[in-house]
Structure formats: C-alpha cells, structure tokens
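**Student:** So the chains spell out like this:
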Amino acid sequence: MSFGSGRHLLYIGFMEFKGTDILSAKQFNRGDIEFVLKTAQKFEKFALKEKRSDILAGKVLGSLFYEPSTRTRFSFETAMKRLGGDVVTAVGAEFSSISKGETLEDTGRVISSYADVIVMRHPHVGSTAQLADGATVPVLNAGDGTGEHPTQGFLDLFTIQKECGKIDGLTVAFVGDLKRYRAVHSLAEMLTHFNVSFVFVSPPEMKMDSAFIFKLKEKGIAFRETTRMEDALAVADVVYMTRIPKEYFSDPAEYEKFKGVYVLQRSMIENNKPNAVIMHPLPRIDEITRDVDTLPGAAYFRQTQNGVTVRMTLLSLVLGARI
Amino acid sequence: MSFGSGRHLLYIGFMEFKGTDILSAKQFNRGDIEFVLKTAQKFEKFALKEKRSDILAGKVLGSLFYEPSTRTRFSFETAMKRLGGDVVTAVGAEFSSISKGETLEDTGRVISSYADVIVMRHPHVGSTAQLADGATVPVLNAGDGTGEHPTQGFLDLFTIQKECGKIDGLTVAFVGDLKRYRAVHSLAEMLTHFNVSFVFVSPPEMKMDSAFIFKLKEKGIAFRETTRMEDALAVADVVYMTRIPKEYFSDPAEYEKFKGVYVLQRSMIENNKPNAVIMHPLPRIDEITRDVDTLPGAAYFRQTQNGVTVRMTLLSLVLGARI
Amino acid sequence: MSFGSGRHLLYIGFMEFKGTDILSAKQFNRGDIEFVLKTAQKFEKFALKEKRSDILAGKVLGSLFYEPSTRTRFSFETAMKRLGGDVVTAVGAEFSSISKGETLEDTGRVISSYADVIVMRHPHVGSTAQLADGATVPVLNAGDGTGEHPTQGFLDLFTIQKECGKIDGLTVAFVGDLKRYRAVHSLAEMLTHFNVSFVFVSPPEMKMDSAFIFKLKEKGIAFRETTRMEDALAVADVVYMTRIPKEYFSDPAEYEKFKGVYVLQRSMIENNKPNAVIMHPLPRIDEITRDVDTLPGAAYFRQTQNGVTVRMTLLSLVLGARI
Numbered sequence: 001m002s003f004g005s006g007r008h009l010l011y012i013g014f015m016e017f018k019g020t021d022i023l024s025a026k027q028f029n030r031g032d033i034e035f036v037l038k039t040a041q042k043f044e045k046f047a048l049k050e051k052r053s054d055i056l057a058g059k060v061l062g063s064l065f066y067e068p069s070t071r072t073r074f075s076f077e078t079a080m081k082r083l084g085g086d087v088v089t090a091v092g093a094e095f096s097s098i099s100k101g102e103t104l105e106d107t108g109r110v111i112s113s114y115a116d117v118i119v120m121r122h123p124h125v126g127s128t129a130q131l132a133d134g135a136t137v138p139v140l141n142a143g144d145g146t147g148e149h150p151t152q153g154f155l156d157l158f159t160i161q162k163e164c165g166k167i168d169g170l171t172v173a174f175v176g177d178l179k180r181y182r183a184v185h186s187l188a189e190m191l192t193h194f195n196v197s198f199v200f201v202s203p204p205e206m207k208m209d210s211a212f213i214f215k216l217k218e219k220g221i222a223f224r225e226t227t228r229m230e231d232a233l234a235v236a237d238v239v240y241m242t243r244i245p246k247e248y249f250s251d252p253a254e255y256e257k258f259k260g261v262y263v264l265q266r267s268m269i270e271n272n273k274p275n276a277v278i279m280h281p282l283p284r285i286d287e288i289t290r291d292v293d294t295l296p297g298a299a300y301f302r303q304t305q306n307g308v309t310v311r312m313t314l315l316s317l318v319l320g321a322r323i
Numbered sequence: 324m325s326f327g328s329g330r331h332l333l334y335i336g337f338m339e340f341k342g343t344d345i346l347s348a349k350q351f352n353r354g355d356i357e358f359v360l361k362t363a364q365k366f367e368k369f370a371l372k373e374k375r376s377d378i379l380a381g382k383v384l385g386s387l388f389y390e391p392s393t394r395t396r397f398s399f400e401t402a403m404k405r406l407g408g409d410v411v412t413a414v415g416a417e418f419s420s421i422s423k424g425e426t427l428e429d430t431g432r433v434i435s436s437y438a439d440v441i442v443m444r445h446p447h448v449g450s451t452a453q454l455a456d457g458a459t460v461p462v463l464n465a466g467d468g469t470g471e472h473p474t475q476g477f478l479d480l481f482t483i484q485k486e487c488g489k490i491d492g493l494t495v496a497f498v499g500d501l502k503r504y505r506a507v508h509s510l511a512e513m514l515t516h517f518n519v520s521f522v523f524v525s526p527p528e529m530k531m532d533s534a535f536i537f538k539l540k541e542k543g544i545a546f547r548e549t550t551r552m553e554d555a556l557a558v559a560d561v562v563y564m565t566r567i568p569k570e571y572f573s574d575p576a577e578y579e580k581f582k583g584v585y586v587l588q589r590s591m592i593e594n595n596k597p598n599a600v601i602m603h604p605l606p607r608i609d610e611i612t613r614d615v616d617t618l619p620g621a622a623y624f625r626q627t628q629n630g631v632t633v634r635m636t637l638l639s640l641v642l643g644a645r646i
Numbered sequence: 647m648s649f650g651s652g653r654h655l656l657y658i659g660f661m662e663f664k665g666t667d668i669l670s671a672k673q674f675n676r677g678d679i680e681f682v683l684k685t686a687q688k689f690e691k692f693a694l695k696e697k698r699s700d701i702l703a704g705k706v707l708g709s710l711f712y713e714p715s716t717r718t719r720f721s722f723e724t725a726m727k728r729l730g731g732d733v734v735t736a737v738g739a740e741f742s743s744i745s746k747g748e749t750l751e752d753t754g755r756v757i758s759s760y761a762d763v764i765v766m767r768h769p770h771v772g773s774t775a776q777l778a779d780g781a782t783v784p785v786l787n788a789g790d791g792t793g794e795h796p797t798q799g800f801l802d803l804f805t806i807q808k809e810c811g812k813i814d815g816l817t818v819a820f821v822g823d824l825k826r827y828r829a830v831h832s833l834a835e836m837l838t839h840f841n842v843s844f845v846f847v848s849p850p851e852m853k854m855d856s857a858f859i860f861k862l863k864e865k866g867i868a869f870r871e872t873t874r875m876e877d878a879l880a881v882a883d884v885v886y887m888t889r890i891p892k893e894y895f896s897d898p899a900e901y902e903k904f905k906g907v908y909v910l911q912r913s914m915i916e917n918n919k920p921n922a923v924i925m926h927p928l929p930r931i932d933e934i935t936r937d938v939d940t941l942p943g944a945a946y947f948r949q950t951q952n953g954v955t956v957r958m959t960l961l962s963l964v965l966g967a968r969i
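Protein chains in written order, with this note's numbering: chain A, 1 to 323; chain B, 324 to 646; chain C, 647 to 969.
Among these hints, one or two may not hold up.
[As the list claims (entries may be wrong)] Calculated lysine to any residue pairs in the SDA-like style (CA-CA distance at most 25 Å, straight line):
1. 100/A - 907/C
2. 100/A - 849/C
3. 892/C - 947/C
[Unchecked claim] Over 12 Å on every C-beta distance to chain B, these chain C residues come out as not near it, computed from the model:
4. 690
5. 697
6. 825
7. 841
8. 897
9. 909
10. 943
11. 947
Hints are computed from structural coordinates only; laboratory data are not their basis. Please read these numbers as outputs of a predicted model, since none were measured by experiment. Virtual Cβ for every residue (Gly too), placed ideally from N, Cα, C.
Bound-form chain A, shown alone (with noise of 0.2 Å):
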C-alpha cells in the first residue's frame, strides 16, 4: 500500500482505515487518534480473554520481525490469533540467509500473496515504508530501527487515558534516552494533538530530536528539558521510563556509563506524586525497582495487556473488520 507521509486522514467510521498502512504517528490527527482509542474499548474484553471473537476467521497475517522481539510480536500474533486470524512468521537470522540480495519492496509484493495483512519490524528507518510501497495489503510498523513504533503509541495513549481517565490537561515525563527510543517518538508525537505539557529526562547526549523540540515551539506546547529526573516527578502526572537501549552502544564502556543514571525507585514517587502512573515500554532492566511494582500507579503490566487491545482494534480497522 502506499502511504503519503504527513497526510492527516480524518476518519468518519471505520471505512477510511481500510487497506490503510500505519507507519508513523505522523500520520493520524487528534480525530484519527480519539476515533482508534474509542473502537479499542470495544476490543478490550476479547483481548482480556472474557469473550471470544471470530472477525478476523480466514485473515492470515503475515509476520516479519527482522530484529527479533517477542513482546512486541506475541502481541500482534496473539491479537489476530484471539480474533479468530491465523498467522505467518519469519523472525531474525532467518532473514538474513533468505533476502539474497532482494529488495524490501519485492519483498512486500511477494508477502501480499500469502497474507491480508503485513506487520514488520526491522532495524532501519524507513525500511516499513519501503515495503509498504511493494506491498498490495496493509502494512504496519512495528519498530523501524530507532525511527517509530506508532502502534506502540496507541496502546501507550490507550493506557494514559484509561489509567488517568483522559489525556487533556496532563503532564507527562519521558525519562531515558530520548534520542533513540522509538516508542518515545511515536507517543510524544500523538501527544502534541493533545492539551498536554511535556518533562523530557535525559542525559545531554540523548535528548529529544531538535526538530521535535521546533515543533512544540511553534505550536505553543508547553516543555521542559532536564537531566535531572527529580524535576520531573515533582510535577508529573505520567511518568513513562525507557530503558537505556544496550543493543545501540557500540562501545560498551559508553553503555556502562549511562545505563544506571535514571532508577526510579518506589519511595521518590511516594514523596512526590503517590498517584503518578508510572509506564515503561518493557523489558526494564533495572530502571525501575521490584517495590515499585505494587504501588496503584504502577501501570506497565497494565500496559503490555493494552497492547493486545490496540493491536486488535489497529489489524480490525485496516482489514474493515467491525467488531
């Protein structure tokens, strides 16, 4: 399919996402945005395992995770398998044997004959998009090197709005390495639709893309950058923690260096905001201790269920499925 980058689509009813890639948060404008978050309250029971659903019986997804990640494809693959789809999967080291020099736009137009719709994961930027212009189905991006994750954005917009009860008027904190973390791009980037104000943590050589600093300027969207995490706590209503991605250090002297900096700990939120939500895309490593883990605000299990839900709702919406 092809995708016009930029292009705002402005959904009436479920019709227009039809056959529709999603490759970029950049894509979707706040209705887009209210319009998926509204049908995945319809799709949480069936992805909470409470009811079962056969929408998407006789749709084959085709699953292709050049850089492996079983989260992110468990739940994809989980999502159209409890929606009554089945799937095709190719992961990893199989690729690299396989392609022989093939380009990734043949390769969408060979996996739209086996599949109705197409999720991808790879290490390059714009390597989704690239496909996508081959491919005859849908695709979706599910990580694109340290480019976007933009369903990864939904189910972390999904979450702030179910765990806060809206998103308008909140503050939100991401705290890690801002520069390369993907799943930060996408959500930040869906959040500027929204009434929000921004604490962007990290260290000096990992901050927020200039580019989407201009943005926030000209737009008037109140922001604040920091290195110090406490700056962020005092005052935030989401606190959304990333891992220091090891896999992009190439020196691991670099890596040991940053990787302890942000630790948020249970007691610097009960001396701060005791009700702060509390969201990391997973796996943590040790960004955020066990004690955290039972505090009320602590959302990120709640976050990884969510995924199901998004995906659910995203794979249904592309394939003109209604529940």
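Got chain A; can you put chains B and C on it based on the hints?
**Tutor:** What follows is chains B and C alone, placed relative to chain A:
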C-alpha cells in the same frame, strides 16, 4: 502461578488441576498420577488423529523454548492445535537478543498477558519455577537444564502402563547418563509411588543422584546400581535407554570415551527377556541398533506418540477443559 | 511413506494421490501433471483470497525447513491455513542443535506422530527421500540442495499454462545457473512430457546436466545450448530467468565473475518478442531490471501467487481432501 515445592495435590476430579503449574514430578502423589493416566486414556483417540475436538478453542499456548527442541515443542504444539487451541512460539537464539536482561519473573508476567498457558524449556535448573513466580497463568516445565521434565515423566509412565498393562510389580532399568538426564529424574521420581524395583546402569561418573538413592533406601524400595548393562537385561521388564548427552560435555574427548559404552542390540533382548519393553526419550544416536526397531517390545516411537496424548491431557487439565 | 524412484503414477482421480510422497518431478507422467493442473484451477479462488474453505480442518502440516526459505515456507503454510489446516514449524539453525545425530529416517517417523503431512527443505540431495523412508505420512520435497523442487515445477507449469493458454507448441528458454538451480531441474523434467522446444542459456561452467541433455536427444526433443541470452530472446515464448545462486559459490571472486552475466532489460523484450512470458522463481537480485515489471508478460509475481494455488492442490491431494 505459584508453586509450593514438594506439595502433594490430592485430586478428586479435574477442578483441582485447573490453574496449577506442572514444574516437578515431586508435586504429585500416586492418586494424582493415576488420575492423569486415567484421564489420558480419553485423549488418546485425538492424539492418534482418529477423532477431532475443539475443547481448547479460543485458548492460546505461549511456547517458550529458550533451548530448541523440535520434538518436545511439536508435541506440545500439536496437542494444543489438535484440541482446537492455538500457539505463539519463540525459539532459541531469538531470546538472547530479546530478553535484554529482563528477569524471568517479568517475562512470566508479560507472557501471561498474551497466553492462557505457558510451556517452557530452558537450560537452567529452576528457571521454570522462576517464570511461574511472575506468571498469572499455568506454567508447564518442558525441561529445565539437568533438572526435571515432568510431562516426559507422565508420558513415560503412560507408556509403561500401556505396554505392560500395569506398573506395580515391574522391574525398571535405566541405562546411560543417570546423573544429568532429566527425563530419568522425573520418571524415576514418579515410579517411587508404585511397587517397582529399579536397576540403574551407568558409568561411575554418571550415577543417579545420591539424594534419590537415599530416598529409595528410606522408603524400602528395591534397587541395584551397576555398570554392566547385562545385569539389567537379565531381569528388567522395562529397559529405559538414554543418549549420552554430548551437549553436557565441555571436553569432546570425554564424550568420545562414554558415547559407545551402552549399545542395545537385538540379540541382547532375545537372549534375555524377549518381551522386555524398550523405551528411549529420543533422539537416539547409536544406543539402540536399528534391528531392535522391529521387536514387539520396541516402544520408543509409540512413546513419542503417547507424548501428544499426555500433553493434551495436561494442557486440558490445567486449563480446566473437560473432554 | 515409501517412494519408488522413477515410478509413474497414472492417476484417474484424486484417490490415487492420497498418501503419496511428492519428492521428484520424475514421479509424474503427462496424465498425472495434467490432473494436478486441472485440479489446481479449482483451488485458485481460495489462494486469491476470494473464497474460504475448511477442507483441511483438523489436519496439521509439519513444516521442516533445515535451510530457511521464507517464500516457500510461507507459500506452503498459507496454503494449509487458508484451507482450514494448521502448521507446526521448525526453521534453520534450530535443527543443528536438535538433531543431535539422529537419522532422517528416525526424524520422519517421529514427526509423523505429530503431523498429517510433512514438507521439508534441506541442503542435501536425497534428504527428503530419506526422511520419507521413515515417515508414515506423506512427505513433500520443498527443495533438497541442488536436487529437485517438484512443487515449484508444478507451479511453474501452472503459470505457463495460465499465461500462454497452453503448454504444447511453446519454446521455453532457461537462463542462468542451470547446473545447480533445482527449480530449473524440476520444471524442465516435467516439460519433457509436452511438445516443447528448449533453449538453455548459461556460462559453460553452469550447463544443464548431461544426463538430461542425453534424455532430450533420446526422446527427440528439440533443444539448443548457448551462452548468449540474445539467442533465446529471439525465439522464446517463455523466458525463465534465474538468480546466480551466491550460496553455492565457495569463492566470492568466482561469484562476482558470473553474477552480472545475464541481465534482462525491458528493451530486450520489446525488441524481440514483446509478449514473451517472463518468469523467475524469486528472489531476483538484478537479473531482471525494474522496468520489466510493468510489461504484460512479466509473470513472476503472479507466479508467486500461483504457488499458493498449487500447494493447496498438492496438500489436499496427498491428504485425500476434495474441494
């Protein structure tokens, strides 16, 4: 799910199995084992492809094989699918790049968001119990290093009962690396609840665990330890052969020394007890010569088939599904 | 299942295919091939996602790809799933650590305990026949090293018939590494049952097998061997391009020498036979330039789609399922 080690579960019916982890042969007493074996008989026709069932429709198995094992994995996944269930799978090398330092408890909790039941193979003793600590769905141990392999124990017992018509009164010989072979550990443990005699045949370096031998003495169970296979063949109703597991030797020369020590040939059976039941968890390399395959007592391929039957049974029991 | 090499199966109806292995193009005579092609027409609408069927419900395909191949694997697995069947899969590196020295006969017997039908890709010639010797369910060869790829042969023939409306009377050119390309071997073998002329275009080091050339002479089939692609384009109704398979060269310099030898460009077709049908088993690297893709005769992506149709047909035939 949590699991109290050594706990005995006295099952009256299927409800008590629902939600239970299956981590160790030590969990089960004679009543439990007999209940599983009796229930398994009802599942046999489905495993033998004679009948179809959908009792697990809508259920998803999370199949986590940190250490690859096509046999055991296919056995579980086939069991799930032939009862109408579905599977999400992750295998081997995929994990090293994925786990990124996450604890097994976190992994268990996350996978519980996707799956209704988890089966796990892992190279470390105790790993499955760790995953189960975080999981909120039942976890089945499909082999944790040199630890246990309880579902193999059940299928081996089921095979003995089917082949011999009984378990009580039998002499069961184990041959090979008894120190590190987890299938042996789980089956031998379960057999202590029956009126059997043991013969343990191994090199001195690969003897049964001394704690288990102590337990046999304490319970007054007859056994003999020997290095000569001949001693076993003269008396055993069941001969359980094992592979000398190459993967557990760091020194290849050490492996070469042991690998040809015990080789079962057709004449050895014919000259001793011609109706002896011969078992092997497979794969066999050269511990059993091909001419043995056509003996009536050569049960190892039927044993594999019984694996599907018994895993159908256990998956259904922990999921609370009744045939 | 056992398979007598060179055996001809004269099929009247579908019953005779039931339980048969599909290991080599040499198994089939003209009547067999025409029966498969005719049956395939009935399956096309299911492969094209226009209709759904459940004729393989309750059946499990064991998909064993010792050598990874996403395309062929997805083609088989999609075929199975779109007819209501299910799949258990093992790929690539997984095997090296699993087989642990087991014979392929044993593997075939064990996998038969789980699956109703097996498809296998393996790097060694004859491996599939070896597995089939032990198996008790039908085995389909999805490529055994430089040996054969008979299901590819069927789908290529199906493509020729669909694109040209006939097979008899055509001139078919094969271009590339004809020595080692198994898809060429299987298709060329099947074409000998029809009234066709061959043109073989290859470097001298990569000529068709001399035994096959001898057979053509013996049967009085017209053919020409040449190193110049131009000779073929002037006369061929069907141009079957192949990749120079890098993985078969131990010396990279040797590969570099050959890889750009045959490159098909749009003008070459337009200046010769503009309606020529262009085929390629994919992936293509640079043997066919992108501008060819929009020619009406560019059939390689339709060829991929036909793969699902033909594999649906063959799976159903060997399983005795009738649409």
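**Student:** All hints, please: hold or fail.
**Tutor:** Here's how the hints hold up against the structure:
no.	hint	result
1	100/A - 907/C	holds (18 Å)
2	100/A - 849/C	holds (21 Å)
3	892/C - 947/C	holds (22 Å)
4	690	holds (27 Å)
5	697	holds (23 Å)
6	825	holds (33 Å)
7	841	holds (43 Å)
8	897	holds (29 Å)
9	909	holds (36 Å)
10	943	holds (41 Å)
11	947	holds (29 Å)
Violated hints: none; the structure is consistent with every hint.
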